[in-house]
Amino acid sequence: MTLRREFLSDPEDGMTAGREPKYRLRLYIAGNSPRSRRAVKVLRKLAATRLQAEAVELEIIDIYQETDRARQDQVIGVPTLIRELPEPLRRLLGDLSDERRVLMALDLDEDDEPEA
Amino acid sequence: MTKPPRLLSVPATHDATNRSIPKAPTGIAGFDEIAGGGVPRGRPTLVCGAAGCGKTLFSLEFLVRGALEFGEPGVLVSFEETPAEIAANVRSIGFDVTTLLEQGMLAADYMQIDAGLVRTGAFDLEGLFARIDDAVQRVGAKRLVLDTLEVLFAGIGDDGLVRSELARLFRWTKERGLTTVLTGERGTMSLTRHGLEEYVSDCVVLLEHEIVDRASSRRLRLLKYRGTSHGTDEYPFLIDEYGFSVLPITEMSFDVEAPEERISTGVADLDKLFGGGGGIYRGSGVLISGSSGTGKSTLAAHFAAAACARDEHVLVFGFEESPQQTIRNMRSVGLDLAPYVADGRLTFEARRPARQGLDNHLVRMQRLVEQFHPKLVVVDPISALLHAGSELDARAAVVRLSDHLKARAITAVFTSLGSGEQQQDGAHVYVSSIMDTWIDLRGIESNGERNRGLHILKARGMKHSNQIREFVLGDDGVSLLEPVPGAIGLTGSARIEHAAELRAKRLLRDREIQTAKDALERRRRALESQKENLVAEFEAEENKLRAMIAEAELLAAEDDRTRRLVAEHVAAPGDKKSP
Chain A
1 MTLRREFLSD PEDGMTAGRE PKYRLRLYIA GNSPRSRRAV KVLRKLAATR
51 LQAEAVELEI IDIYQETDRA RQDQVIGVPT LIRELPEPLR RLLGDLSDER
101 RVLMALDLDE DDEPEA
Chain B
1 MTKPPRLLSV PATHDATNRS IPKAPTGIAG FDEIAGGGVP RGRPTLVCGA
51 AGCGKTLFSL EFLVRGALEF GEPGVLVSFE ETPAEIAANV RSIGFDVTTL
101 LEQGMLAADY MQIDAGLVRT GAFDLEGLFA RIDDAVQRVG AKRLVLDTLE
151 VLFAGIGDDG LVRSELARLF RWTKERGLTT VLTGERGTMS LTRHGLEEYV
201 SDCVVLLEHE IVDRASSRRL RLLKYRGTSH GTDEYPFLID EYGFSVLPIT
251 EMSFDVEAPE ERISTGVADL DKLFGGGGGI YRGSGVLISG SSGTGKSTLA
301 AHFAAAACAR DEHVLVFGFE ESPQQTIRNM RSVGLDLAPY VADGRLTFEA
351 RRPARQGLDN HLVRMQRLVE QFHPKLVVVD PISALLHAGS ELDARAAVVR
401 LSDHLKARAI TAVFTSLGSG EQQQDGAHVY VSSIMDTWID LRGIESNGER
451 NRGLHILKAR GMKHSNQIRE FVLGDDGVSL LEPVPGAIGL TGSARIEHAA
501 ELRAKRLLRD REIQTAKDAL ERRRRALESQ KENLVAEFEA EENKLRAMIA
551 EAELLAAEDD RTRRLVAEHV AAPGDKKSP
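Note that the protein sequences, when read in sequence, are chains A and B.
Residue numbering for the first sequence follows the working numbering, beginning at 1 and increasing consecutively.
Residue numbering for the second sequence follows the working numbering, beginning at 1 and increasing consecutively.
I should point out that these hints are in silico values taken from the structure, not numbers from a laboratory.
Taking CB as the label site, the calculated pair distances span:
(1) H373(B) - L89(A): 57 to 65 Å
(2) P22(B) - K22(A): 57 to 65 Å
(3) Q103(B) - E54(A): 46 to 54 Å
(4) L89(A) - V212(B): 47 to 55 Å
(5) G104(B) - A48(A): 43 to 51 Å
(6) L89(A) - I211(B): 40 to 48 Å
(7) D159(B) - R44(A): 26 to 34 Å
Now the stretches of chain B that chain A is said to cover, found in silico as 3 or more residues with beta-carbon under 8 Å:
(8) 100–113
(9) 119–128
The beta carbon of each residue, even a glycine, is placed where N, CA and C say it ideally should be.
All chains should be built: construct the whole structure from the sequences, respecting the hints.
Next comes the structure, spelled out in structure tokens:
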């Protein structure tokens with residue numbers, strides 16, 4: 001099954017419009033569960049601290065609200081973070097609590113200090 | 001859209017009513033009978049077995065028939081194949097999954113597990129739940145299939161998590177009353193590789209597939225079935241162009257009605273040999289045994305033709321001849337089966353016995369019986385089934401088939417190679433004990449000839465002749481010759497000679513009788529004429545004598561008168577009255 005690369009909803013934390021963003025991320029969560037909330041918090045913090053200089057398109061999708069998209073993206077484990085851009089596509093399964101892994105998956109160096 | 005052929009189910013013959021939980025019928029031929037009506041309703045059933053054993057097909061058939069025949073929409077959750085692949089696989093057995101999906105009777109979701117996922121922390125399988133729930137709601141599903149959960153374990157790689165999520169899933173399905181079938185792969189240490197049986201306490205179906213003597217043999221077993229009674233045997237099953245067919249082995253109950261009606265054997269002379277001259281009982285089993293060339297197939301064909309003539313459907317299972325051969329051979333004795341084949345009253349099914357396993361033959365035969373609803377079934381010869389399996393299996397197979405036919409009041413005609421009491425072939429050692437009627441054909445050798453004799457060895461429920469009658473294949477079928485008095489047992493040319501002798505003797509006797517009669521007549525006539533002469537003589541004499549008597553009497557009378565006169569006259573002169 002091929003992954004569809006169209007956006008159906010506006011990026012939630014839209015930064016810059018018009019250009020292709022550097023990061024296009026989709027986080028699938030399950031309603032308001034603690035795990036889901038944690039993942040959202042981590043991701044937002046990450047975006048705020050490490051990616052604020054970049055154009056980031058972030059979608060947060062509730063699997064109950066938009067089950068069709070979950071199906072299309074073959075989401076089984078939740079939370080799932082899909083990094084569509086930059087390529088290659090990466091899928092991250094889990095609540096993002098393992099910071100090292102998350103950074104690696106986003107091609108961010110662990111040791112990079114956030115820009116002050 | 002073509003529906004897969006609907007097969008009639010035999011009503012459950014074992015007690016599945018008490019203590020039984022409600023069942024959802026699968027519609028799979030034979031399964032519902034052995035499972036007390038189907039799989040447990042609203043609960044999960046595990047179908048496990050090695051790769052290629054038929055689990056996916058079983059679960060699909062459960063789903064498709066649920067939608068088509070029982071009005072229960074279903075959801076297919078597949079971990080291995082896409083819906084398109086599955087639809088293509090089952091199209092060959094008449095299941096049109098695509099149309100069912102379009103119509104909203106079925107929903108399908110292919111769960112592709114990406115094993116290369118980077119793990120970033122804790123997670124659960126809520127995505128699975130959400131998608132299943134969505135599909136269930138969309139079609140109003142009552143049935144769910146999960147095929148195959150092993151892939152989920154392999155892909156997620158966290159067995160503990162998967163197990164706890166599955167436990168959660170099955171609580172969820174039970175709450176929603178979804179009748180669920182999950183497939184699992186056979187493990188070495190445990191029943192399934194990942195111990196799925198722990199979650200499924202209600203019903204476990206085990207499918208096994210062996211190659212026995214180069215023929216495939218498939219068996220189904222119900223391992224756990226709490227809350228209901230079920231057969232505990234292994235049941236052979238078949239997967240072919242009609243789908244999944246299970247063969248209940250020992251579910252025959254003896255609670256079957258025995259018809260009173262008598263039907264013709266197709267040979268009028270033979271009908272007369274059965275008590276009262278009515279032929280055999282409808283629904284009974286007839287065994288025709290005999291060595292090669294004694295005419296068993298021909299006699300069996302007469303039974304078939306008689307049934308066709310009664311407008312009944314006949315199914316002939318042949319293992320030795322092709323239908324064309326049979327029709328040609330029967331024509332030579334004046335039996336034309338072709339019109340019956342043409343109008344559908346007679347159906348031939350010919351197979352080489354070794355081509356399929358014994359169980360496959362049985363399932364195929366039973367399924368064809370269900371499909372065509374014949375009133376009479378011929379198996380020619382039943383001893384051929386021995387070649388398809390071991391003797392023990394063949395025995396069981398014949399019993400099963402016979403029971404199956406009896407339960408439907410279908411008359412069974414089985415031919416068997418081997419002569420009556422010699423039991424060389426072995427097939428009819430046990431077959432004969434379950435058959436109601438046993439006709440043995442034997443070659444009778446005498447005078448350098450071999451003629452055919454027919455002997456009824458047994459006929460349950462009625463009187464029968466115990467003579468061996470000569471049995472002749474003529475231009476208009478089979479006939480039995482009358483026994484010759486004084487020389488019962490002669491056949492062939494000896495019989496013809498004897499008959500001629502008898503005729504000659506009889507002629508001779510007749511002539512003697514005639515001669516004697518003639519002599520008598522002549523004597524009588526001679527006597528008659530003598531009598532006449534005597535009478536005439538007598539009459540003449542009589543007249544003469546009578547004349548003489550008359551004359552004498554006259555003279556006598558004259559004399560008397562004269563005497564009287566004289567007496568009177570004498571008295572007058574003697575009168576003393578003088579002066």
